[in-house]
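Colleague: Here the protein sequences come in this chain order: A and B. The opening residue of the first sequence carries number 1 in our numbering; numbering runs sequentially from there. The opening residue of the second sequence carries number 1 in our numbering; numbering runs sequentially from there.
Please note that the accuracy of each hint is not assured.
The calculated EDC-like cross-link candidates involving lysine to aspartate or glutamate, where the alpha carbons are at most 20 Å apart (straight line), are [to be verified]:
1. A:417 / B:110
2. B:187 / A:119
3. A:417 / B:104
4. B:187 / A:418
5. A:114 / B:188
6. B:187 / A:344
7. A:203 / B:188
8. A:160 / B:104
9. A:203 / B:104
Far from chain B, some chain A residues (derived; all Cβ distances over 10 Å) [what the hints assert, rightly or not]:
10. 105
11. 109
12. 110
13. 259
FYI, nobody ran anything at the bench for these hints, they're computed from the structure. Don't be surprised by glycine CBs; every beta carbon is placed ideally from N, CA and C.
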Amino acid sequence: MRVSVTTRALIPLAAAAMVTALTGCGSQISDPASANSTASGGSSCVDTSGSSVKVGFINSLSGTMAISENTVFDSLSLAAEEINAAGGVMGKQLQVISEDGASEPTKFAERAGKLIQQDCTAAVFGGWTSSSRKAMLPVFEANDALLFYPVQYEGLEASKNIFYTGATTNQQIIPALDYLAEQGTKSIFLVGSDYVFPRTANKIIQAYAAAHGMEVLGEEYAPLGSTEFSTIVNKVRDSKADAVFNTLNGDSNVAFFRQYKSVGLTAASMPVVSVSIAEEEVPGVGLENVEGQLTAWDYYQTLDTPANKKFVAAFKAKFGAERVTSDPMEAAYTSLYLWKAMVEKAGSFEVDKVQAAAGGVSFEAPEGTVTVDGENNHITKTPRIGKINSEGLIETVWSSPAAVEPDPFLASYDWAKDLGK
Amino acid sequence: MSTFLQSRWGVLTGFAVGAVLLLVLAPTGLSVFNLALLGKFICFAIVAVGIGLAWGRGGMLTLGQGVFFGLGAYIMAMHLKLADAFLFGGSGVPDFMSLYGSGEVPGWWEPFRSPVVTLIAVVLVPGLVALVLGLAVFKRRVKGAYFAILSQALAAAFAVFLIGQQATTGGSNGLSGFRSFFGFDLKDPSNKLMLYSIAAVVLLLAVGTSRQLMNSRFGELLIAVRDQEERVRFLGYDPATIKTVAYVIAAVMAGIAGALFVPIVGIISPADVGVIPSIAFLIGVAIGGRATLLGPVLGALSVAIAQASLSSTFPSFWVYFQGLLFVLVIGFMPGGLASLPGLVSRLRRHRAEQHPTEQRKTEPAPPRPILAPESAPPATATEVPEEASR
Numbered sequence: 001m002r003v004s005v006t007t008r009a010l011i012p013l014a015a016a017a018m019v020t021a022l023t024g025c026g027s028q029i030s031d032p033a034s035a036n037s038t039a040s041g042g043s044s045c046v047d048t049s050g051s052s053v054k055v056g057f058i059n060s061l062s063g064t065m066a067i068s069e070n071t072v073f074d075s076l077s078l079a080a081e082e083i084n085a086a087g088g089v090m091g092k093q094l095q096v097i098s099e100d101g102a103s104e105p106t107k108f109a110e111r112a113g114k115l116i117q118q119d120c121t122a123a124v125f126g127g128w129t130s131s132s133r134k135a136m137l138p139v140f141e142a143n144d145a146l147l148f149y150p151v152q153y154e155g156l157e158a159s160k161n162i163f164y165t166g167a168t169t170n171q172q173i174i175p176a177l178d179y180l181a182e183q184g185t186k187s188i189f190l191v192g193s194d195y196v197f198p199r200t201a202n203k204i205i206q207a208y209a210a211a212h213g214m215e216v217l218g219e220e221y222a223p224l225g226s227t228e229f230s231t232i233v234n235k236v237r238d239s240k241a242d243a244v245f246n247t248l249n250g251d252s253n254v255a256f257f258r259q260y261k262s263v264g265l266t267a268a269s270m271p272v273v274s275v276s277i278a279e280e281e282v283p284g285v286g287l288e289n290v291e292g293q294l295t296a297w298d299y300y301q302t303l304d305t306p307a308n309k310k311f312v313a314a315f316k317a318k319f320g321a322e323r324v325t326s327d328p329m330e331a332a333y334t335s336l337y338l339w340k341a342m343v344e345k346a347g348s349f350e351v352d353k354v355q356a357a358a359g360g361v362s363f364e365a366p367e368g369t370v371t372v373d374g375e376n377n378h379i380t381k382t383p384r385i386g387k388i389n390s391e392g393l394i395e396t397v398w399s400s401p402a403a404v405e406p407d408p409f410l411a412s413y414d415w416a417k418d419l420g421k
Numbered sequence: 001m002s003t004f005l006q007s008r009w010g011v012l013t014g015f016a017v018g019a020v021l022l023l024v025l026a027p028t029g030l031s032v033f034n035l036a037l038l039g040k041f042i043c044f045a046i047v048a049v050g051i052g053l054a055w056g057r058g059g060m061l062t063l064g065q066g067v068f069f070g071l072g073a074y075i076m077a078m079h080l081k082l083a084d085a086f087l088f089g090g091s092g093v094p095d096f097m098s099l100y101g102s103g104e105v106p107g108w109w110e111p112f113r114s115p116v117v118t119l120i121a122v123v124l125v126p127g128l129v130a131l132v133l134g135l136a137v138f139k140r141r142v143k144g145a146y147f148a149i150l151s152q153a154l155a156a157a158f159a160v161f162l163i164g165q166q167a168t169t170g171g172s173n174g175l176s177g178f179r180s181f182f183g184f185d186l187k188d189p190s191n192k193l194m195l196y197s198i199a200a201v202v203l204l205l206a207v208g209t210s211r212q213l214m215n216s217r218f219g220e221l222l223i224a225v226r227d228q229e230e231r232v233r234f235l236g237y238d239p240a241t242i243k244t245v246a247y248v249i250a251a252v253m254a255g256i257a258g259a260l261f262v263p264i265v266g267i268i269s270p271a272d273v274g275v276i277p278s279i280a281f282l283i284g285v286a287i288g289g290r291a292t293l294l295g296p297v298l299g300a301l302s303v304a305i306a307q308a309s310l311s312s313t314f315p316s317f318w319v320y321f322q323g324l325l326f327v328l329v330i331g332f333m334p335g336g337l338a339s340l341p342g343l344v345s346r347l348r349r350h351r352a353e354q355h356p357t358e359q360r361k362t363e364p365a366p367p368r369p370i371l372a373p374e375s376a377p378p379a380t381a382t383e384v385p386e387e388a389s390r
């Protein structure tokens, strides 16, 4: 009896609460045609009246990606320090607000929202995994803010709110295949982690191979973080392929290369081209396991350019002589300078003005001169194939004759017509 | 004080205070961003209410609530994706499918085009999965650590399955980029307020439901099953049915929370439904006090708030802090923080009287310990291994 009385009293209360909830209804999308023209969300709250301007860094400082993303955070910090020492951006000192993405896409989306709405930053730099970028993209588009993403990725994307300073597929994967073809490679074996980047990369490789008379002898995936590779490695050995194309990520590389070596495969007998192993990862994977193997990137610490010598020296001076620099770190460092150049060209921190000014902006980066493509917000890059040397650094063994224009949707390649449709 | 809280009027007053706090004070005092954040925490709190019922009252250590949360969330996300594709794309095919998949909507997505089917499925699918699972598990008298391991394995398998389906579930990217919610523009701040308010009302309803259940004959039976399952069976009740009902209710609450999470947060990915988030759901409940009515809610809310404010200042420190707090609570305060006032007052009485024998006489023994912190179970240590060894 007592229970039912309380129940009866609770129902009207709940109903009242529900009514309160529904009074807050806002605009409704009724007409699909007008929906696209809906004005972008909340107006910018960026404060540029003082002597400083806020920028946001968003990296995984905890979780599985922390080991990689901390290095990007370090090189972003170096760039901010250098820019401030040289007088800031349009006379304003950069005030960095750093957020932790915690290796979770949802956290990235939430923290990006905070950097834009709460902290009112003029631009945000960071992200690593494709899932973190995909999670942040709608946040930046809805708030009409800017993200600078510094890591090579799987392409098939061009948001006006994101500047991609890492390589897209035609600046990393296709040049690597061109190199293999040049070396007389007739057959390859594909090994990758099971997520969007390897799957998309391998789709492109399959199409390339079909068009160039190269034979793909196998395509194997391991779950992210997997360390059991004996089956895959045996398949690779039995296939007698000319080369292996490796899109494994993180810890899996350690197990893969160890078992690769243990079944008697070497860089001389069957070279492995990796797209996710940079200077930073070599000690983790074990130099003895990967020495002599190939990598495909656009930047190596050993590059002999004046800008790179300055960058490497400044980085080692700030973070220690034992530290190394890698492609994503260089792309992050470059991204902050590119934003500075865009703002200065636009004469404003406002997002639409920066976007309008972005096309054609260039910077003397450690990897060479890079120029922003105003059409797709990517930058020109020079693809380079490297070989891991006995010191754990990577030496360039082949380099594209000229910087390659970004083509995220591979529109200029006939054989890629059926991809990403 | 505690007798007032247990009385009918006490409950109604508490309910009204909660409603005013959540529906009036929070929306006026918080920025749009912080309100959305609170909305997300409220979703976790709704899951926590269910866990409080299943684990705190029913003794089922559910380490896999992420599965039900994920089912509700993915169903809602699929509907929002399809609705957006229809509203904005024209083709009716979600963007990621044309990028990574065949460019065609798979058959099992089709039912979720309908808003009505979606709303029903959000409740029904997690409920049915929990029903089948509960009957299969509890009828076979699987309990304790075995049940915990099973539920955790399920969460792991669910996340792995989602990651593998790049073309149909978005893989590790998950589903994101929602622009409308049943026709309402998600960019509009007043719609964000509406979503928050719905979540807050659902939380109040969940707490109300949980309170009524705890106070009913079913609630008494649930506790009896937790404490002495065999005796309940000898008395002629079927413990499996009782446990399954509590498990299904917890699953439905998690499913609804997941469905609310999607439009509020704007993304759902396998990282939100796997083992780690499933355990994270539990931590707030344990810290707050799992056997009480409000302990799980307040615990989940305060852990989430603490995490949001501390983790950006001390990124890697937070994980250790959370772990330490969990160990301390399980080890030294199995009743959670809700048992703190009880412990303090007992200590005070103890000191004042100086006579431990008399103190035992004056200690009140509430017949229906609902809000009373003393009703917390003695310790997990005595609970889980004992059951597991059977």
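Colleague: All hints are to be evaluated individually against the structure, with a verdict given for each.
Modeller: Here is what the structure says about each hint:
| no. | hint | verdict |
| --- | --- | --- |
| 1 | A:417 / B:110 | violated (29 Å) |
| 2 | B:187 / A:119 | holds (19 Å) |
| 3 | A:417 / B:104 | holds (18 Å) |
| 4 | B:187 / A:418 | violated (35 Å) |
| 5 | A:114 / B:188 | holds (17 Å) |
| 6 | B:187 / A:344 | violated (31 Å) |
| 7 | A:203 / B:188 | violated (39 Å) |
| 8 | A:160 / B:104 | violated (26 Å) |
| 9 | A:203 / B:104 | holds (18 Å) |
| 10 | 105 | violated (5 Å) |
| 11 | 109 | violated (5 Å) |
| 12 | 110 | violated (7 Å) |
| 13 | 259 | holds (22 Å) |
Of the numbered hints stated above, those contradicted by the structure are hints 1, 4, 6, 7, 8, 10, 11, 12, listed in ascending order.
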